Each structure stands twice: as structure tokens, then as C-alpha cells.
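Colleague: For reference, the chains in residue letters:
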Amino acid sequence: MESYFTFVSSVLGFEPTSLLGFVGAIAVWAVPITAFVSVVGLVSIWLERKISAHIQCRVGPMEVGPHGALQTLADGIKLLGKEDLVPAQADRILFGLAPMLVFASTFVGFAVIPFSQKAVIADLNLGIFFLAAVGSLEAIGVVMAGWSSNNKWSLFGAIRAATQVVSYEIPLGLSLLAVVVVAGSMSLNDITQAQSGWVWNWFLFRNPFMWAVFLIYFIASLAECKRAPFDLPEAESELVSGFHTEYSGMRFAIFFLAEYGAMYIVSAIAVVLFFGGWYTGIPFLDHISGSIGGTTGVVVENLIGAGTIIVKSFLLICVQMWIRWTLPRIRLDQMMDLCLKYLLPFSLVLLVAVSLWQAFQGPIDGGNSVMGMIMLAATVASLIWMRRLAGRVSKASALRRELPVVKTGL
Amino acid sequence: MSMTPEEIANGLKERFGEKILETVLDTHDPYCLVEPQALADVALFCRDELGFNYLRCLSGVDYMDKKKTTDDLGVVYHLGAIPDASHLFCLKVRLSRENPVVPTVARIWPTADWHEREAWDLVGIVFEGHPNLTRILCAEDWEGHALRKDYTSPDTYHGIKNNVV
Amino acid sequence: MTDAAEIERIKDHGDVRSEEMLLNMGPQHPSTHGVFRVVIRSDGEIILDAESHIGYLHRCFEKICESVNYTKATPYTDRLDYLMAMGNNLGYALAVEKLLGVEVPERAQYIRVIVTELSRIASHLLAIGTYGMDIGAITPFLYCFRDREKILYILETICGQRLNYNYVRIGGVAYDVDDAMLKMTREFCDYFLPRVMEYNDLLTYNGIFLERTGNVGVLPADLAIAYGCTGPVLRGSGVKRDLRKDAPYAVYDRFDFEIPVGSGEAGTVGDCFDRYMVRMREMIESTKIIQQALDQIPEGDFKHPKVKLKPKVPAGDAYTAVENARGELGFYLIADGSDTAFRLKCRSPAFSNVSVLHEISRGAMVADMVAIIGSLDIVMGEIDR
Numbered sequence: 004m005e006s007y008f009t010f011v012s013s014v015l016g017f018e019p020t021s022l023l024g025f026v027g028a029i030a031v032w033a034v035p036i037t038a039f040v041s042v043v044g045l046v047s048i049w050l051e052r053k054i055s056a057h058i059q060c061r062v063g064p065m066e067v068g069p070h071g072a073l074q075t076l077a078d079g080i081k082l083l084g085k086e087d088l089v090p091a092q093a094d095r096i097l098f099g100l101a102p103m104l105v106f107a108s109t110f111v112g113f114a115v116i117p118f119s120q121k122a123v124i125a126d127l128n129l130g131i132f133f134l135a136a137v138g139s140l141e142a143i144g145v146v147m148a149g150w151s152s153n154n155k156w157s158l159f160g161a162i163r164a165a166t167q168v169v170s171y172e173i174p175l176g177l178s179l180l181a182v183v184v185v186a187g188s189m190s191l192n193d194i195t196q197a198q199s200g201w202v203w204n205w206f207l208f209r210n211p212f213m214w215a216v217f218l219i220y221f222i223a224s225l226a227e228c229k230r231a232p233f234d235l236p237e238a239e240s241e242l243v244s245g246f247h248t249e250y251s252g253m254r255f256a257i258f259f260l261a262e263y264g265a266m267y268i269v270s271a272i273a274v275v276l277f278f279g280g281w282y283t284g285i286p287f288l289d290h291i292s293g294s295i296g297g298t299t300g301v302v303v304e305n306l307i308g309a310g311t312i313i314v315k316s317f318l319l320i321c322v323q324m325w326i327r328w329t330l331p332r333i334r335l336d337q338m339m340d341l342c343l344k345y346l347l348p349f350s351l352v353l354l355v356a357v358s359l360w361q362a363f364q365g366p367i368d369g370g371n372s373v374m375g376m377i378m379l380a381a382t383v384a385s386l387i388w389m390r391r392l393a394g395r396v397s398k399a400s401a402l403r404r405e406l407p408v409v410k411t412g413l
Numbered sequence: 078m079s080m081t082p083e084e085i086a087n088g089l090k091e092r093f094g095e096k097i098l099e100t101v102l103d104t105h106d107p108y109c110l111v112e113p114q115a116l117a118d119v120a121l122f123c124r125d126e127l128g129f130n131y132l133r134c135l136s137g138v139d140y141m142d143k144k145k146t147t148d149d150l151g152v153v154y155h156l157g158a159i160p161d162a163s164h165l166f167c168l169k170v171r172l173s174r175e176n177p178v179v180p181t182v183a184r185i186w187p188t189a190d191w192h193e194r195e196a197w198d199l200v201g202i203v204f205e206g207h208p209n210l211t212r213i214l215c216a217e218d219w220e221g222h223a224l225r226k227d228y229t230s231p232d233t234y235h236g237i238k239n240n241v242v
Numbered sequence: 025m026t027d028a029a030e031i032e033r034i035k036d037h038g039d040v041r042s043e044e045m046l047l048n049m050g051p052q053h054p055s056t057h058g059v060f061r062v063v064i065r066s067d068g069e070i071i072l073d074a075e076s077h078i079g080y081l082h083r084c085f086e087k088i089c090e091s092v093n094y095t096k097a098t099p100y101t102d103r104l105d106y107l108m109a110m111g112n113n114l115g116y117a118l119a120v121e122k123l124l125g126v127e128v129p130e131r132a133q134y135i136r137v138i139v140t141e142l143s144r145i146a147s148h149l150l151a152i153g154t155y156g157m158d159i160g161a162i163t164p165f166l167y168c169f170r171d172r173e174k175i176l177y178i179l180e181t182i183c184g185q186r187l188n189y190n191y192v193r194i195g196g197v198a199y200d201v202d203d204a205m206l207k208m209t210r211e212f213c214d215y216f217l218p219r220v221m222e223y224n225d226l227l228t229y230n231g232i233f234l235e236r237t238g239n240v241g242v243l244p245a246d247l248a249i250a251y252g253c254t255g256p257v258l259r260g261s262g263v264k265r266d267l268r269k270d271a272p273y274a275v276y277d278r279f280d281f282e283i284p285v286g287s288g289e290a291g292t293v294g295d296c297f298d299r300y301m302v303r304m305r306e307m308i309e310s311t312k313i314i315q316q317a318l319d320q321i322p323e324g325d326f327k328h329p330k331v332k333l334k335p336k337v338p339a340g341d342a343y344t345a346v347e348n349a350r351g352e353l354g355f356y357l358i359a360d361g362s363d364t365a366f367r368l369k370c371r372s373p374a375f376s377n378v379s380v381l382h383e384i385s386r387g388a389m390v391a392d393m394v395a396i397i398g399s400l401d402i403v404m405g406e407i408d409r
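Residue numbers (this note's numbering), protein chains in the order written: chain A, 4 to 413; chain B, 78 to 242; chain C, 25 to 409.
It is worth saying that the hints were derived from the structure and are not from the lab. It should be emphasised that the depicted structure is a prediction, and the values quoted were computed from it without experimental measurement. Hints are supplied without guarantee of correctness; some may be wrong.
[What the hints assert, rightly or not] What follows is a set of in silico ranges between Cβ atoms, one per label pair, in the way DEER data are often shown:
| hint | chain 1 | residue 1 | chain 2 | residue 2 | range |
| --- | --- | --- | --- | --- | --- |
| 1 | A | 380 | C | 210 | 48 to 56 Å |
| 2 | B | 99 | C | 280 | 40 to 48 Å |
| 3 | A | 310 | C | 210 | 53 to 61 Å |
| 4 | B | 160 | C | 210 | 29 to 37 Å |
| 5 | B | 163 | C | 177 | 34 to 42 Å |
| 6 | C | 44 | B | 237 | 34 to 42 Å |
Note that CB positions come from ideal geometry on N, CA and C, so glycine has one too.
Kindly generate the complete structure, drawing on both the sequences and the hints.
Modeller: Here it is, written out as C-alpha cells:
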């Protein structure tokens with residue numbers, strides 16, 4: 004118990020003297036996180052709707068609020084008003100606990116996600132490790148939900164979720180480890196600070212292997228969030244809704260919120276590990292307190308940092324959505340094939356390569372910047388090349404340009 | 078491979094003789110009326126020797142007309158071949174209303190499995206030796222066979238009123 | 025437990041044998057395309073056996089047709105395969121016309137071909153779109169619906185209905201088509217052909233889609249024939265059989281079109297991908313047929329002048345089959361000389377196609393089951409009749 008108190012104190016940043024103070028201190032932090040998670044949920048659900056709609060030649064919600072911005076809020080209120088159904092044969096206790104556990108695992112993660120150098124609730128010295136640990140807790144909640152629902156389809160979803168955790172956690176952990184090797188620290192703050200300066204100082208461009216590490220991390224993180232093409236646990240066309248088939252009303256909303264919270268967390272981790280965290284990539288902006296000075300300077304600098312990391316994370320969330328609305332779903336055995344037969348050995352090789360690179364290149368002065376510039380240029384070049392390649396592949400889009408517009412009121 | 082209906086009918090008569098009761102060729106679908114008990118053998122012969130690898134349609138029919146000149150039931154088998162679409166023939170059997178039993182052809186053409194279940198369900202023809210002769214379209218506890226001409230729908234079914242105008 | 029008993033137990037059940045599970049898929053399930061129920065006996069995710077249960081939509085169509093006159097029965101045929109109602113109308117009309125012994129005017133024949141092929145494209149679009157959704161890709165579904173909507177609009181302009189047309193009637197069609205409709209159809213054809221490439225870009229050649237459909241639910245040709253599978257299901261197995269070509273009805277013998285068959289592009293001949301791809305290619309062929317029909321369509325009557333509203337069909341019986349979107353739609357009609365059918369048996373293609381399900385789903389995974397059912401493209405309206 005004592006060690007637990009010590010741990011909590013380190014999270015809180017000060018030593019509460021009484022139990023009341025302890026609870027109060029937790030509440031002081033919990034309220035803003037809850038608010039932030041809810042806002043993230045609202046925004047990303049709205050984004051999902053709009054992005055999917057525009058991908059699918061629709062307009063999406065338009066009625067509630069400007070461009071349907073308040074639709075999610077309206078849905079939330081509707082879900083609040085719904086009857087809280089528990090199936091007759093369900094295990095009531097586990098059934099009630101499962102959404103809480105799932106939400107908690109996401110929620111706790113927000114404690115260590117930094118928004119700027121100062122604005123972080125707990126700067127743990129093993130932040131990445133902590134995130135990986137609490138992130139996988141979610142699977143237990145999912146398995147609980149599937150088991151307690153007493154529905155075979157839910158059980159299928161739960162078992163698939165467990166299988167998925169076993170498969171993707173290893174490549175995910177190894178790719179995190181590769182970054183730790185480069186940064187020399189597990190603290191998210193330290194990792195970010197190692198990427199300060201110009202864009203090419205970001206870890207994505209630090210050495211030739213980091214792009215591959217990022218891709219592995221990104222694929223595994225899609226699996227962690229149960230996003231398509233890895234949405235096997237909830238595959239609606241196969242398992243109806245998988246583990247949350249039997250959930251309704253607010254419990255369902257909590258699952259939903261946790262899913263979008265998790266999307267934010269994995270994106271924020273990716274931003275911290277590969278995309279320079281709260282740094283904009285322009286040294287002048289990142290150290291604006293030097294030119295403005297005083298408290299204003301510090302506030303502005305932190306605001307810029309927080310804005311930067313949030314925008315970057317949401318950009319990654321958009322990529323996740325883009326992928327979801329483009330790709331079909333992978334099958335269970337193919338998912339395991341991919342994770343265990345390809346990603347795992349590949350990430351092991353990458354870890355070794357990154358370590359060797361770090362050992363030989365690390366001591367060279369200015370080597371990082373030069374390598375970063377080369378990698379940045381290579382990245383931009385390959386993006387342009389891919390764009391042209393895509394244009395060539397899509398004959399349909401070329402033909403469409405030549406076709407006359409159909410004007411018969413169709 | 079394509080044979081004329083005459084050739085097919087002659088082939089059948091040659092092989093089965095008495096068991097081919099009637100042959101009608103100058104109609105839309107030329108057919109042979111087969112003695113019910115011999116049907117399975119005839120069908121097997123058609124598949125293996127005459128090349129009818131495909132059962133297009135199996136229809137149970139209640140031949141009882143309004144004047145009640147007959148009250149026979151019957152089964153009509155439309156045979157075909159794939160890919161030769163012009164290779165066609167038709168087999169018919171007539172069954173008595175009291176004992177409508179005919180050997181199954183479900184083992185000869187697996188597609189007959191469901192078609193025979195349907196004929197049992199709706200017309201009430203018993204296919205002897207069928208692997209699973211249960212109702213297929215109607216509910217398992219439904220009474221009567223809907224496509225019989227003398228069928229009257231029940232007034233209630235599990236408390237649901239029917240025949241209400 | 026003694027050691028001997030323990031050894032016996034292991035011998036009997038195998039050391040690592042897991043328990044089997046009965047899984048009830050349907051009648052309410054998003055991927056059964058209607059109220060279709062499959063009872064799956066599974067070992068974990070692997071299907072050991074599957075048993076299909078049908079009949080939830082049974083309304084005894086055949087009995088209804090014995091109690092209303094020939095013309096009144098036409099709207100009921102719409103409800104068989106409600107995704108290709110024009111084809112059902114046509115099959116039924118041809119069956120009655122065969123016994124009536126009437127030859128339908130040329131213009132009506134061409135109109136029939138055009139609307140049937142439009143209907144076929146609409147049906148295949150829905151099949152392909154929902155198939156993508158079964159596999160987990162939701163976007164292609166909306167793309168397909170976008171284009172299907174245009175077909176429904178065209179068909180709406182000629183008969184006022186979007187799904188159950190009651191348009192192809194005994195002796196011709198219900199209303200003549202005007203030039204505006206023909207122009208719209210031509211524009212649709214020009215618009216549509218590049219779309220097929222768009223679907224291919226988006227869905228067909230996606231790596232995950234190929235993995236999910238290739239080598240899954242392989243239906244060998246002999247099994248397909250034995251189970252009476254027809255249409256894209258049979259052609260997916262590499263058998264070149266299409267009644268439009270093999271036993272031409274209407275004026276299909278005047279058009280130049282190909283019959284696509286499965287070739288095992290993504291794995292084995294007869295897998296889900298082949299069935300899917302046959303539909304995709306058939307849409308192109310249908311577009312070609314429509315374009316030719318639009319070029320050739322003559323002026324003239326749109327229905328036979330002698331066929332009355334309540335025709336009395338001479339006694340006799342005949343089996344008439346047409347190639348519907350799902351395969352051979354046959355009507356076995358027995359007429360007794362009155363204005364009402366004595367017996368009308370409907371041989372629906374999906375009925376036979378789905379009866380093969382238990383054979384090809386054995387050993388597949390639960391996720392494959394969804395892919396297999398989707399690739400058979402069932403419509404419960406005509407299975408249950």
C-alpha cells in the first residue's frame with residue numbers, strides 16, 4: 004500500500020497528507036482529463052462522420068449545429084436517456100464493470116500524455132512503459148464484456164480481442180523500444196526534448212530505419228484501437244457488434260468514448276515518439292518565451308505546444324479514419340500471420356539495426372542533423388512519387404475527366 | 078451429345094420397357110410418364126447414360142381439377158444438361174392421392190434434396206429414402222399441404238386468427 | 025481418476041480436443057441478406073458443419089398464382105427476386121406467352137432487353153456493394169448505391185416504380201418508352217463503364233479483399249452442377265452457361281456479348297472472388313447489350329394487339345427459363361384453359377444456389393461464412409417464395 008501511495012504521489016507531483024487530500028488531489032486532475040477525453044471523443048466522432056461521409060460521396064450530418072458539429076452531443080444526450088438494459092442471463096457485476104475498465108485504461112493513459120513541456124499531469128520516467136501497460140488493460144475489459152454478455156457472438160468478439168492483443172503487443176513493444184534506444188530515455192518529456200529544433204530533428208528522420216519503425220507502430224496501434232482493417236473484435240458484418248452487442252445506452256457510449264480516447268492516445272504517442280511531440284519544428288516558435296519574455300511568453304509557448312501536439316494527433320486520427328473507410332477487414336488468421344510472421348521478425352531486425360546505427364553514428368557531431376535532412380528530403384520525394392504513381396494507377400479518374408457530365412437530372 | 082426427344086424416349090423404352098407408361102413428344106416439353114417405383118432407376122439411367130447431369134426443376138403437382146375427373150398427384154422432373162442447353166427432357170410420375178410415394182432422386186442430383194422437401198411441404202408427396210424429409214418453407218408444425226387443391230387454411234395458428242375478412 | 029481411466033479419456037477425446045459450439049447465425053444477422061438462418065457447428069472459429077434454414081419469408085406465391093388471373097399474378101412475381109423484378113416479370117410473361125403462342129412485337133422485345141439488363145446491373149451493383157460490406161469495406165457499398173440510384177431513376181421514369189415494376193406484361197410491356205428515357209439510358213451507359221474501373225480500383229484489387237475472397241468457399245464445377253447452381257455462382261466455377269446465349273429468348277441472339285467465367289485469378293477456380301468477378305464483368309457485358317439494343321430498337325407496337333387483359337390460356341404445360349441476375353429462373357406453368365393458372369411452379373435460382381452452402385462452408389472460418397453467403401448473392405424473397 005505504501006508503495007502505491009508513493010507511486011500516486013509521484014503521479015500527482017506532491018505528497019497528499021491525508022486520505023481526503025489524496026482523493027481531492029485525484030479529483031482535481033480527473034475533472035480536466037474527463038473533460039478533455041469527452042471533447043476529444045466529441046470532435047473525433049464528428050470528424051469520423053464527416054470524413055467517412057465525404058469519402059463516400061455523402062455530406063454527413065448537417066442538421067444539428069453548423070455542419071452537424073453538435074450531432075454527437077445530441078446522440079450523447081439520446082444515449083443518456085436510453086434504458087440501461089442488462090440481458091437476463093448476463094453476469095451483472097462483470098457486465099457493469101467491463102465498460103468502466105475499458106474506459107479507465109484509456110483514461111489513465113491521458114495522465115502521462117504531455118501537452119507541452121510543462122503541461123503534463125505526470126512526467127513518469129518510464130512513461131512509454133506505463134502507456135503500453137495500461138493500454139493492454141483494455142483487452143481485459145473487452146474480454147470481460149464479451150464473457151459477461153452471455154452471448155456467443157460477444158464471446159467470439161472477446162476471444163478475438165484477446166488474440167489480437169497477444170499478436171500486436173509484441174511488435175508494438177519492439178517498435179517503442181527502438182525509439183527508446185534512440186532517445187536513451189523512457190520519459191515522454193525527454194524523448195520530445197531530444198527532437199527539439201528543426202523538422203529534421205524529429206525521430207522520424209533520425210535514421211533510415213525510423214520510417215519502418217513508425218509504420219510498424221502505426222499498424223500495431225490500429226490493432227490496439229480495434230480500428231479497421233483490424234476491427235475483428237467488433238466486426239459488425241460478422242459478429243453483429245462483437246463484444247458490445249448487448250450494451251445499450253450509456254454503457255455503450257462509454258465503450259465508444261473509450262475507443263476514440265484510445266485513438267487519441269495512440270496518435271499522441273506516435274506524435275511524441277516520431278513527430279517531435281509539442282515542437283512545431285521551427286525553433287523560433289518553440290522557444291518564443293525567449294523573445295516575448297515574462298509569464299506571457301511562457302503561457303504562449305505552452306499554448307503553441309499544446310496546440311501543436313493536438314493538431315498533429317488529430318491529423319494522425321484522420322489518417323486512421325481514412326484507412327478505416329478505405330480498406331476491408333482482415334481475417335483473424337491473416338491478422339495473426341501479419342503480426343507474428345511479418346511484423347514481429349521485421350521489428351526485431353529494425354531494433355537491432357537502430358541500435359547498431361545509434362552505437363556507430365551517435366557519437367558523430369552533427370550527424371543527426373545531416374541524416375535528418377537527407378531523410379526528410381527522401382520522404383518528401385517519395386511522397387511526390389507515390390502521388391504520381393497513384394494518379395497513373397487510377398485510370399478511372401483519368402477517364403472521368405474526359406467524360407461529359409450527365410445532365411438529365413440523374 | 079445432344080439427342081432428339083425421340084432418341085431419348087426410345088432409349089428409355091428400350092431399357093425400361095413396361096415401366097415407361099406413356100410417351101408424349103409433340104408438346105412444349107416432351108416427356109415420358111414413368112411408373113413411380115421405377116423412377117429412381119430411370120433417373121439414374123438418365124444421368125449416367127443419357128447425360129442429364131442437371132435437374133432443372135422438380136415440381137409437385139396436384140392434378141385434381143374442378144370437375145374432379147382425377148384426383149392424382151404427380152411429380153414433374155425437368156432434366157437438362159450443362160453446358161449443353163439444348164439437351165432437354167422431362168419425366169413425369171402420377172401418384173395416387175392416398176399413397177403418394179415416389180423414390181427420392183436426392184442422391185442422384187443433390188439439388189433435388191431441397192426441391193423434394195418443398196414438394197413434400199407444399200404438395201404432400203412422400204419421397205422414399207430422402208435423407209431429411211422435413212418441411213422447408215412452412216413452419217415445422219404446420220398442418221396440411223398448401224398446394225393441394227382441397228386445402229383449406231386453418232382458422233388459427235398458435236392463437237393467430239386467420240380467415241378473418 | 026485412475027491412470028487407466030485417464031488414458032482411456034485421452035484416447036476417446038484426444039488430448040487437446042476442444043468443445044464444439046452451436047452458433048445460430050440469423051435469422052436476424054446483418055450478413056445473411058434477409059431472414060436466412062444458418063446453424064453453424066463450430067470448433068472455435070472453424071466451421072465443422074452448417075445447416076441452412078429457410079422459409080421465414082414464405083408467402084406461398086404459387087398458391088396465390090392459382091387463385092388470381094394471369095395478369096394479376098404479374099405483380100407477385102416482382103416480389104420474388106425483388107432486386108431484379110424486371111427479370112421475374114419477363115420470365116413469367118414468357119411462360120404465359122409460350123402457352124398462349126403469341127409472338128411479342130419487336131419494339132417490346134427490345135424494351136424488355138433494355139430494362140432487364142438495366143435491372144441486372146442494378147442487382148449486381150447491390151450484390152457487389154453488399155459484398156464489400158460483408159468483407160468490411162463500407163465505402164464501395166455507397167459508391168454502388170450512388171450508381172444504382174441512377175438506374176432506379178431511369179426505371180422510375182418509365183413505370184413510376186423503383187423496385188417492384190410490374191412493367192413487363194403478358195404480350196409486351198405496360199407502357200412505351202420515350203426518347204428521353206432512351207437518351208438517359210445511353211448517357212448512363214457512357215457514365216457507367218468507367219465506374220466499373222473505379223470499383224476495381226477501390227475494392228477488387230485491394231490486397232485484403234483478394235486475401236479474404238481468394239481460395240475461400242471453393243465450389244468445384246461438378247458440385248455446382250449437381251446442386252443445380254446457376255448464374256454467376258455456376259459461371260464462377262468456370263462453366264460457360266448462360267441462357268441468354270445458350271437458349272436465347274427475347275432478342276438476345278442479336279447482340280454481341282461475352283459470358284464471363286471464373287478463372288481462379290485470386291486462387292482457385294470457383295472461389296468467392298471468381299463469383300464476385302463474374303458479376304463485375306457481367307455488368308460491363310450488360311452495358312454492351314444495352315448500348316446495342318439502343319442502337320437497334322425499332323419503332324412499332326409496345327404490346328401485342330391481340331392479347332387481352334384477361335387472357336385465357338389454352339390447356340397445356342411448359343417450362344420456361346430465363347437468365348436472371350442470380351441464375352436460371354424457371355416457371356413451370358400448367359394451364360387448364362381458364363384465365364387462371366392451374367399450377368405455377370417457380371424454380372428460383374437462389375433456392376438452388378444456397379442449397380450448396382453447407383458443402384462449401386465446411387472447414388472455413390466464421391468470417392469466411394459471411395464471405396461465402398455474400399458471394400452466393402441470395403435474395404430471400406425468391407428462396408422462400
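Colleague: Against the earlier hints, flag every one the structure doesn't satisfy and list their numbers going up.
Modeller: none
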